[in-house]
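Number of protein chains: 2
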Amino acid sequence: MKDIKFGYFSAESKEYVIIRPDTPTPWINYLNNSKYCAMVSNTGGGYSFYIDPRDQRILRYRYNNLPIDRPGRYIYIRDNQTSEYWSPTWQPVMKKLDNYECRHGLGYTKISSSYQDIHAEILYFVPLEDNLEVWSLTLENNSSEEKELNIFSYAEFCLWNAVGDQRDLQYIQNVAVAKYDKEENMIIYHLFDSSLGIAFFSSNGNVTSHDCDRESFIGQYHSEANPLSVENGKCRNSQALGGNPIAATCNTLILNPNGTENILFILGIVKKKSEVKPIIHKYKNNSNIEIELLKLKEAWKSYLEKIIVETPDEDFNSIINIWNPYQCKTTFDWARYASFYETGIGRGIGFRDSSQDTLAICHALPKMVRQRLLDLTKNQFENGKVYHVYFPLSGEGNYPDYVNPLMKFFSDDHLWLIIAVSNYIKETGDMSILREEVEFVEGSKAPLYDHLKRAIEFTNNHMGPHGFPLIGTADWNDSLQLHGPNKSGESVWVAMQFHKALLDLEELAKEYNHNKDATNYTNLAKRINEHINKHAWDGQWYIRAFTDNGEIIGSEKNNEGKIFLNTQSWAVYSKVAPVDRGLQCMNSIRKYLITKYGIKLFHPPYTRFYPELKGISTFPPGLKENASIFCHTNPWAEMAECILGRGDIAYEYYKKIAPTNKNKIAEIHQTEPYIYSQMITGDDHPKFGAAKNSWLTGTASWSMKVATEWILGIRPDFHGLIVDPCIPKKWDKFRFTRHFRNAVYDIQVQNPNHVSKGIKEIRVDKIIPESNLVPVFKDGKKHIVEAKMG
Amino acid sequence: MKDIKFGYFSAESKEYVIIRPDTPTPWINYLNNSKYCAMVSNTGGGYSFYIDPRDQRILRYRYNNLPIDRPGRYIYIRDNQTSEYWSPTWQPVMKKLDNYECRHGLGYTKISSSYQDIHAEILYFVPLEDNLEVWSLTLENNSSEEKELNIFSYAEFCLWNAVGDQRDLQYIQNVAVAKYDKEENMIIYHLFDSSLGIAFFSSNGNVTSHDCDRESFIGQYHSEANPLSVENGKCRNSQALGGNPIAATCNTLILNPNGTENILFILGIVKKKSEVKPIIHKYKNNSNIEIELLKLKEAWKSYLEKIIVETPDEDFNSIINIWNPYQCKTTFDWARYASFYETGIGRGIGFRDSSQDTLAICHALPKMVRQRLLDLTKNQFENGKVYHVYFPLSGEGNYPDYVNPLMKFFSDDHLWLIIAVSNYIKETGDMSILREEVEFVEGSKAPLYDHLKRAIEFTNNHMGPHGFPLIGTADWNDSLQLHGPNKSGESVWVAMQFHKALLDLEELAKEYNHNKDATNYTNLAKRINEHINKHAWDGQWYIRAFTDNGEIIGSEKNNEGKIFLNTQSWAVYSKVAPVDRGLQCMNSIRKYLITKYGIKLFHPPYTRFYPELKGISTFPPGLKENASIFCHTNPWAEMAECILGRGDIAYEYYKKIAPTNKNKIAEIHQTEPYIYSQMITGDDHPKFGAAKNSWLTGTASWSMKVATEWILGIRPDFHGLIVDPCIPKKWDKFRFTRHFRNAVYDIQVQNPNHVSKGIKEIRVDKIIPESNLVPVFKDGKKHIVEAKMG
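Each protein sequence line maps, in turn, to chains A and B.
Residues are numbered in my numbering as their position in the first sequence, beginning at 1, plus a constant of 265.
Residues are numbered in my numbering as their position in the second sequence, beginning at 1, plus a constant of 265.
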């Protein structure tokens, strides 16, 4: 327990257990059925939305507020004898609690605490199918005296349109209607124009008073910490007609000596008022709640059991078996759109983000991935480029504000689609997706395969003066904004990504019997490869890009921004680098970019703003794209090291950013130590090691991918599972259970000679196959794969 | 003092004095030199910006926060003997204070209070020429013991770009740099890309510690109410590199028994770091502060003395001599862009708003009005329509999100320009403005006069199926959104506004010797007039509009929205209505729309959402455009009554929404009772009488106009001042001192027969003129006008 600062992993219950409420940042969980999403922090803070956090925001959240992390789903307990009140989630009243514990589980969160003789536990979850959230409050009287308690609930509605809710107060503060319906014991909230849907809040308790108007409940110059209604011991039975709608109820409860009581609260959204009744009747019943909870747990079990690993590293197992795939599902659902840092009103679902988010959940949710790939493809223009984002409710595509009208594209976006489709087909074998007819933005239709070809064409038609792809507004590195009046900025990294996409599409074309295409792509890839090796090799590493004026970025000759991570890791991953250069450039990374908390994006950081670089030089050194440890890129380096066969280095890098390791330094790392964050402050900054922007990061899928497919080396291919581990030498063995195309593979790998790489012997159901490609069975059965490294 | 609930008007000091801090809403003041703007509430809350609140936001504000009204310009006083601390502005610490008083004056605010033996006063002001704000803190030790105090200052910076500051946290929370400069005893804040400017904070005290990073000063899970640094008695000397930059300093002060000390704090913005030193040296000197304060007071005196009234109604005098022109200047400066309700990130400067805001300040600030009219004109397209808004820093024009792409114009916007230019020329006689060459949006140029002609042409070229102007996206009533697929919605009100604009331009054309134009406009006006009277008269009033499907709005035949205010008041004001119809429609208003707190927009309100009406039916009845008392429209009705000669009715209506009257019901009215608010909740709503959206409303200029030009009846014309009062019969007399074209008119009106209207005798410098048009003198002298009504 020495390492426990704020919490610990419970492998048994598959929970992360937080033991004090004042975590360095709010540590949250996503409760979410891919449509209704509720974020909840360890102190009850957080917000909810339905499908699109911009257009159907249900609960409000004040980002970057003081105190942090308000409002939320709050319960106030008031002892009517003493008039004392507190919140069992600590916030917002912040009375000192005993036995505080927050358990973030798979799809649920449980917060419990004691104050004086009352123990309270709140279980929050979102059921699998209904668009609502349940708050189940259990109270225990640990004294020998009867207690009369008033239990207040509180949730602050957002006015649907989250942009207007922040920005257009003079309008939006005059459109709400929230009223109490006595018959059904519920609060109904909608806009005066109710066509956007109806929110409801109800409970199964004895509601003695209610408030629907925030100012009535809270009181002027009060806050959630000391609501007037709670101070007074009862609500004012207010309605909201305009203003700030809330759902607040007061239940009066007599708790016997040593007695226990439960109150269920439900909050949800329906299209029409008539749909409310049946749904609240269902959820006011405790046994239905138990059924729904069981379904939820089953669903997560089923999702997680698609890959189960047993390695000598318990921390690694806990990440791969629980937290990493859990985060992968979250990033798949919400891309970079809605978190405690992503405000859910600007970005929409990113094309490149979402493409990459499919990579590590195909094995578990292939149908959802298939649909997402088709949805993404709808954002492609006939010339092959794609919208940078789209909004999930309307489906409309868009570019961000900073897109350059002269170069209205991101040079990498469309190419990710090829990589994602190839990944999907290798996992599922579903070649039929290539024949799916999908619309272009302009309205015409073509099979998905043609869309992929157009992506290649776009890049091939947009080459710059040095023969590298034009960077457009930017490439994967959004902040490397090399666009300018000459329309000449070029990305060497996109050339590598292009090479990778060409190889993927070449393979796919062959499988699809489009051999002429395959030959074209082979030739094109060869040309690109030669061009990169001829013009982008700097002597010890590959350069990164050319500015709009043709100046090199990422060269020994630069004073700042000499060496960039991505053009080294991708040189290897994309098969551009010959082995010697691969080793040399990855050794350069090791020399310049490694820190104790992860690998930096580049070195040295920019110490001033450069108009020709824009975004990347708008951050102080060590933050964000200006040489932070941008976590997304770390697994790419790990992958490269696996390809080079250096398992110890790959694993060292893997562990540097692994959540379990962050748990040991939670006070430095700050964000949730059970999931990845977007970035960790680099060593050029005084707050070295502090992570920012937790949860929604491509780090999730790439870390899952590198851990399972490159370190453990179990990698789907068109005709089977490749077994090709690259592990720490000290490991004796590991076991990998994997679902693949309607069969289960129980893969047991021995490492008696303590090597990192190389399969010496392999048996599949006792039979020696031709290679380390384990065949497809599709028989619904379990197959034993025994492999020996050496 | 019976009427004093929260505060009172001090005529002598020209201040509104607030006597308790917990006003129903924050009651604010604008401290502002038309470039640097600081809003400050009666508890120290508020924000600052430079020129454009969207692009150069200096201090942050959390709108619609809990508790309301944070953050602000805070001072914490900590008694080092007891470790107790408080805020002399009540917020944010909210300790109970003695002798609390907030004096909102002309361009300054003074907040004072006592806690235990320490009396504190903070004077906030923005000097006339420098882009900064001064906080001058004076402390008095009223005890016989020496006191050691630590004085903490606190201001939270916004990250310049106020949109990103709210929306793009993951980016913008990583771009700030704030550091302490020991040599100059100042905090410097800028973005890492410092090209947008440098903010500075400095004081003349003995700064013993400082903080530039919010989280360091406030502490995790703390708020402005209990900052960790204040609790600890010293700051942590933090810097900000990313995160939330602040300026917090700690001054240690020994206050002798019965001693007094002063500390000056200054906060401002410069372009380059080298500009900071001289400016802080200037403002660290108390005598310079006094000079600047004197200059400020002189400037306001000079502004206000352009019109001074003495009537039997002291409240009326106080509004017209102080508060109404004060508000007019504020609305002229900031249109509807930045207040505590207008978030300064959406709207920009509205074309129609700003045009109307010029109407009542021409007499005092003709040069600024001239420039504004030319700036506005730049937003006109060659076809005569105009952008709906423009952004002051960049000058770029735009339309709001809800503009209909099929009808991408507002039908009234461009016509206001004619009314505003006519008003300006009548005030100043400056015909040269008509010859000013101004660019269209497309880039071509034309004299202003041609721009006005194009405005007429646009409306004339955009008539609907019933012969009324197409409403476009909407007309003055933004929420009456009759646009639709048929592109056929029509506005009867715009037909009246068009008639008024035609008459104005006809007069102007004659003055400008463009007689052919004048004849054309006369004929066109005649046609429109006949058309309205033939097709828009409903029997007892004029209808309001036609929907996209050609259905009538505002008729006896409608179940909801039967009678609208604006087509009655404007029928009279625009000279469309013959006298009998004018009287009849204004009598209908009196029958249906009058409430005790003002005149409603229409009756009855819409009780559900109508897709064909959109906006107006998105509000619950009684709010905003759905039949609230939309204050802007009330002076129009008053004007119409003056034209009809019914002075008692006009005055009755005037008083209904007059700020002084609201002071008596401040707990109902809620917003500041010294200025007008946009709306007062109508009697169809349970919160009848509650005002919303204070300060930035066209009510300011129209109320000033109606009071001075129609009730008191001193009205500029091309060749003189018309004297044509329409007053309450009971008034014996009034006096009106007015600057007009480089002369001062001391107008003394007697009403011995107690009539409302009609000048029986008039003398100008003892000479009887030909009519009640007092001539232009331009001699820099005072002229006595004596008039007798009867």
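Quick caveat, the hints were computed from the structure, so don't treat them as lab data.
Just so you know, not all the hints are guaranteed correct.
One side only, chain B facing chain A, incomplete, derived with CB under 10 angstroms [said to hold, decoys possible]:
#, residue
1, Q431
2, A441
3, I519
4, R601
Just so it is clear, CB atoms sit at the ideal spot from N, CA and C, and this is done for glycine as well.
Hints versus structure:
1. Q431: Constraint on Q431 of chain B satisfied, holds at 5 angstroms.
2. A441: holds (8 angstroms)
3. I519: violated (32 angstroms)
4. R601: holds (8 angstroms)
Checked against the numbered hints above, the structure violates only hint 3.
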